[in-house]
Amino acid sequence: MSDVTGAPVGDSHWPLWEVFTQENQGQPFEHAGSVHATDAEHALQNARDVYARRGEAVNLWVVPSAAITASAPSDAGPFFDPGNDKAYRHPQFYIAPRGIRIF
Amino acid sequence: MPETTRPLPTDDPTQVAAFEARIAAGESIEPKDWMPERYRRQLTRMMSQHAHSEIVGMLPEGNWITRAPSLRRKLSLIAKVQDEAGHGLYIYCGTETLGVDRFDLYNQLLDGTAKYSSIFNYPTLAWADMGVIGWLVDGAAIVNQTILAKTSYGPYARAMVRICKEENFHKRQGYEICMTLAKGTPAQREMLQDAVNRFWWPSLMMFGPSDTHSPNTAELLKWRVKRKTNDELRQRFINLTVPQAQELGITLPDPDLRYNAETKNWDFGTIDWSEFQEVIAGNGPCNRERLEARRAAHDEGRWVRDAAAAHAAKRSQATAAA
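So the sequence lines, in the order shown, correspond to chains L and G.
Numbering of the first sequence is given in my numbering, commencing with residue 256 and proceeding in unit increments.
Numbering of the second sequence is given in my numbering, commencing with residue 4 and proceeding in unit increments.
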């Protein structure tokens, strides 16, 4: 099956968009899932219908899935490892006298 | 060759061991993580069947939207059916993270090769069926999905959390319909009892074959795709439901149903698994009708998909020209 442009007739062949929802003002955006849509405006409408039927969001982001660059799970160790041997990045590294509130 | 019959590539035993160690440590598996091919296939099978069930599940209730007895009931029913479509989409989206195409899955539903929950192949003959479906069918789905919310595959678990929040509305609206009928005229009570008689056993079958006849269970439990067996979930559902039935003052159609003080479970009679097998095989009362309705909906919706694609093409041309 294909349409006039030769593309298969299926709405899942429309580009994939990742949907991020902000639950309340001031909160971070959180990944909710994805939708297929022809363009950004269509993606926003689909995302609203699928992921925000009950006021789950006050704002939505839709991002083309292809535009996301992610770290690879297999590299997680080496990629994030440098943090572990830098104890001086953590507050516990520093000595403070007992009985004094530093902050 | 269909996905299920293609021979499985052999997984590297070291990778399998590392994967199983992660599962045992309670870690969640994400789409880009290495997973055994068989884990991927089992999840694709379970999740796509689940998504199809949500989509086909719109039909029995859609049948009563135009005949809902009040505007309030009609509004709830429309919202519920819309939710089922949304649930289907959450799970299809989760299934796509396993590297399958929703279009292919949907075609398997339309050409009759994919399975979906047997319960949706029963007809909705009376208004009381809307109450009983919300109460029993959504109730059974909640018992199943609450546990699936802890499944090892991250996208599936997250879809379940989202769905469970919405199912509570479904169950309550169903029970409210049942309660209204139970307090109504003798004819209304009779209609309710008849619906319960028809839906009780098929609801119990929703949990799938008994553990002794469920070939996939051991593997699914080992990989924490499932966290409880079919029989455990079925028993939990019955234990939760019996007091609700008593409150309604209706009889559950099982003469063997009685409380077992020792096990603290409600013992129940024998399920007619031959009926279950027949419905799964495509010979239930409504299998043919359900698939025809889905095919018609897909064909009749084509102009919407075409229009959306044409609109996007026109806009991108306009943007390019500007």
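It is worth saying that the hints were derived from the structure and are not from the lab.
Please note: incorrect hints may appear among the correct ones.
[To be verified] Just the calculated beta-carbon pair ranges, DEER-fashion:
(1) F335/L with E278/G: 32 to 38 Å
(2) A24/G with P346/L: 17 to 23 Å
(3) E193/G with E311/L: 37 to 43 Å
(4) A316/G with E285/L: 37 to 43 Å
(5) F348/L with L78/G: 41 to 47 Å
(6) A295/L with R70/G: 36 to 42 Å
[Said to hold, decoys possible] Listing some non-contacts, in silico: residues in chain G with all C-beta distances to chain L over 10 Å:
(7) K35
(8) R70
(9) Q85
(10) G89
(11) L92
(12) A162
(13) A185
(14) Q196
(15) T232
(16) L243
(17) D257
(18) N268
(19) H314
Cβ atoms here follow ideal geometry from the backbone N, Cα and C, with glycine treated the same way.
Please test the hint of 36 to 42 Å on the beta carbon pair from A295/L and R70/G.
Holds, since A295/L and R70/G (Cβ atoms, about 40 Å apart) stay within the stated range.
Is the nearest Cβ of chain L still more than 10 Å from the Cβ of R70/G?
Its Cβ never comes within 10 Å of chain L, the nearest being 24 Å, so this holds.
Would you say the C-beta atoms of E193/G and E311/L sit inside 37 to 43 Å of each other?
Holds, since E193/G and E311/L (Cβ atoms, about 41 Å apart) stay within the stated range.
Taking the CB of F335/L and the CB of E278/G, does the distance hold inside 32 to 38 Å?
Since F335/L and E278/G have Cβ atoms about 54 Å apart, the given range 32 to 38 Å is violated.
Was L243/G rightly flagged as not at the interface, with every chain L Cβ beyond 10 Å?
At about 25 Å from chain L, L243/G clears the 10 Å cut-off, so the statement holds.
Status of Q196/G, Cβ more than 10 Å from any chain L Cβ:
Consistent with the label, Q196/G stays out of reach of chain L, its closest Cβ about 33 Å off (over 10 Å).
Was K35/G rightly flagged as not at the interface, with every chain L Cβ beyond 10 Å?
Its Cβ does come within 10 Å of chain L, the nearest being 5 Å, so this is violated.
So H314/G supposedly isn't at the interface. Is its beta-carbon more than 10 Å from every beta-carbon in chain L?
violated, 7 Å
Confirm or reject: G89/G is not an interface residue toward chain L, with every Cβ-Cβ distance exceeding 10 Å.
Given a closest Cβ separation of 5 Å, the condition is violated.
Given as non-interface: A162/G, partner chain L, CB spacing beyond 10 Å:
With a cut-off of 10 Å, A162/G comes too close to chain L, as the shortest Cβ separation is near 7 Å.
Is the Cβ of Q85/G more than 10 Å away from each Cβ in chain L?
violated, 7 Å
Falls inside 41 to 47 Å, the C-beta gap from F348/L to L78/G?
violated, 59 Å
In summary, the numbered hints that this structure violates are 1, 2, 4, 5, 7, 9, 10, 11, 12, 19.
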